[in-house]
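Chemist: Listed below are the residues making up each chain.
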Amino acid sequence: MAANFKRLMADSREMSRRSFFAMVGWGAFTVASLAALWESLNFMNLPRTALYEEPAAFKAGPPGDYGVGSTTVLTDKRVVINRDPDGFYAISLICTHLGCTPRYFNDVTSDLVAKGISGIKDPDTGLAATPANPALVGFKCPCHGSRYFRDAVNFFGPAPRPMDRIHVEVAPDGKLFVDRSVIVDRHFRLKV
Amino acid sequence: MRLVRAAFDEIYALLAQMVSSLFRHGLPLTDKIAARTALTNFVLHIHPVRVRRSWIRMSYTLCLGGLSFFLFIVLTVTGLYLMFYYVPSTGHAFQDMRDLQFVITFGGVVRNMHRWAAHLMVITVWLHMARVFLTGSYKKPREFNWAIGTTLLLITLLLSFTGYLLPWDQLSIWAVTVGTNMARYAPIAGPFTRYLLLGGTVVGDNALLRFYVLHVVGLPLFGFLLMVVHFWRVRKDGFSGGL
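In the order they appear, the protein sequences are chains E and S.
Residue numbers for the first sequence follow numbering that gives the first Met the number 0, beginning at 0 and rising by one.
Residue numbers for the second sequence follow numbering that gives the first Met the number 0, beginning at 0 and rising by one.
Be aware that one or more of the hints could be misleading.
A few chain S positions that, by computed beta-carbon distances, are all more than 12 Å from chain E [unchecked claim]:
1) A34
2) T75
3) G78
4) V108
5) V121
6) R130
7) K138
8) M181
9) R193
10) V202
11) H229
A few chain S residues that face chain E, going by a derived Cβ cut-off under 7 Å, partial list only [said to hold, decoys possible]:
12) L170
13) W173
14) T176
15) N180
16) L195
17) L197
18) G198
Here are the in silico distance ranges between beta carbons for each label pair [to be verified]:
19) E/M22 to S/F230: 50 to 56 Å
20) S/V18 to E/A34: 51 to 57 Å
21) E/P133 to S/F105: 52 to 58 Å
22) E/Y51 to S/H46: 48 to 54 Å
I should point out that these hints are in silico values taken from the structure, not numbers from a laboratory.
Because the structure is a prediction, the values reported are computed rather than measured.
Cβ coordinates follow ideal geometry from the N, Cα and C atoms, glycine included.
Full structure from sequences and hints, please.
Modeler: Laid out in structure tokens, this is it:
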């Protein structure tokens, strides 16, 4: 076919009717095959409207249920709601390494301090794990051992960045409304 | 009496015809008959007509390719058994797996055969590749078969990975979460690949069904077709075990 094409380029009268039709036929076959491949991919790529997954947004009870300074882990939702003196913020409890669910622990640092690792400090809060005060609360991922402070900042293991902070607001009915599809700035706080 | 004898003769002739249509060449008493049998018999055609003793020396190939294929057959047969009970939905999968283990007669044996053969097949395929590499059997004229072989290795690993999700326990779910997130790190096509594999954004019903279909039909069928070509090429590229 390539040879035919070359001859055609040199002189169009060189091409026989038979090879012209062969070229048209193979060309059409190629186009149809590529189209079928493309549509097969589209077939497998189901529309987002046909996903029957849990909605990204949910309600999480009235703000009064959360004490100041508390950390509430909603395991099934894979969300953490923290209440600090300056307001609420929510964390998407999905490890930034490969997507497992980190677990909450009262102490995620003292074993590292005992090994002599220093410089464990949260740049956002200024909290540091020192030999004098080795235990900080936080999260540990069961898959590959990434660790995070209470405010989702990573400090150990393969996690490349802090867990996402997600949008939280007070719904008209007075309950907290968390939207996991909206990622917000790490300084976001909801004041109630 | 004559009539009975004629009837017997008829039956005998019929049986003789049946036997001779099955075994066309009689006993392979001479090399010539043996060669003709191997040439015209479907079951034997995978075998060369003539085999040198040096070609089938165990210490050369360690029979690793054959072992891999044997394990593939074990996996196909045991997998077929498992399919009679296993339902690929998040509501059933784990319970069906438990039933297979603890309730169904010989279910545990079949499941364990499937599981252990799967682990072994990954090992034998890797070793087979190592052997081919060490004996230099990937070189001309066998480069194409080496390429097919590496694809078969990939299919073996993908079969292992897709089968991993099917018990639908915590290990399965998080292993596949991790695996598909690794796919997401691929440049450009990564996130789309993950979405296609899972049929969504989380490891849920769609993901289980997709992995099941790939595991029981898609990958084995593709693998089988490549195996046919692989074995054919082994024959056509010839043997050099005697070097």
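Chemist: Please check whether the beta-carbon of S/V121 is more than 12 Å away from every beta-carbon in chain E.
Modeler: Given that every Cβ of chain E is farther than 12 Å from that of S/V121, nearest at about 21 Å, it holds.
Chemist: At a threshold of 7 Å, is the proposed contact between S/W173 and chain E supported by beta-carbon distances?
Modeler: holds, 5 Å
Chemist: Are all beta-carbon distances from S/R130 to chain E longer than 12 Å?
Modeler: Per Cβ check, S/R130 is outside 12 Å of chain E; nearest 33 Å; holds.
Chemist: Are all beta-carbon distances from S/K138 to chain E longer than 12 Å?
Modeler: Holds, since 30 Å exceeds 12 Å.
Chemist: Can we trust that S/V202 is non-interface, i.e. its beta-carbon lies farther than 12 Å from all of chain E?
Modeler: Violated, since 9 Å does not exceed 12 Å.
Chemist: Closest CB-CB distance from S/T75 to chain E, is it above 12 Å?
Modeler: The claim stands: S/T75 keeps its Cβ more than 12 Å from every Cβ of chain E (closest is about 25 Å).
Chemist: Taking C-beta pairs only, is S/V108 more than 12 Å away from all of chain E?
Modeler: Given that every Cβ of chain E is farther than 12 Å from that of S/V108, nearest at about 32 Å, it holds.
Chemist: How does the Cβ-Cβ distance of E/M22 and S/F230 compare with 50 to 56 Å: does it lie in that range?
Modeler: violated, 36 Å
Chemist: Against chain E, with CB atoms and a cut of 7 Å, does the hint on S/G198 hold up?
Modeler: holds, 6 Å
Chemist: Does the claim that S/A34 lies off the interface hold, with its Cβ farther than 12 Å from every Cβ of chain E?
Modeler: Per Cβ check, S/A34 is outside 12 Å of chain E; nearest 42 Å; holds.
Chemist: Grab the minimum beta-carbon distance between S/M181 and chain E and tell me whether it stays above 12 Å.
Modeler: Given a closest Cβ separation of 6 Å, the condition is violated.
Chemist: Cβ-Cβ distance between S/V18 and E/A34: within 51 to 57 Å?
Modeler: With Cβ atoms ~54 Å apart, the hint holds.
Going down the numbered hints, you'll see the structure goes against 8, 9, 10, 12, 17, 19, while the others check out.
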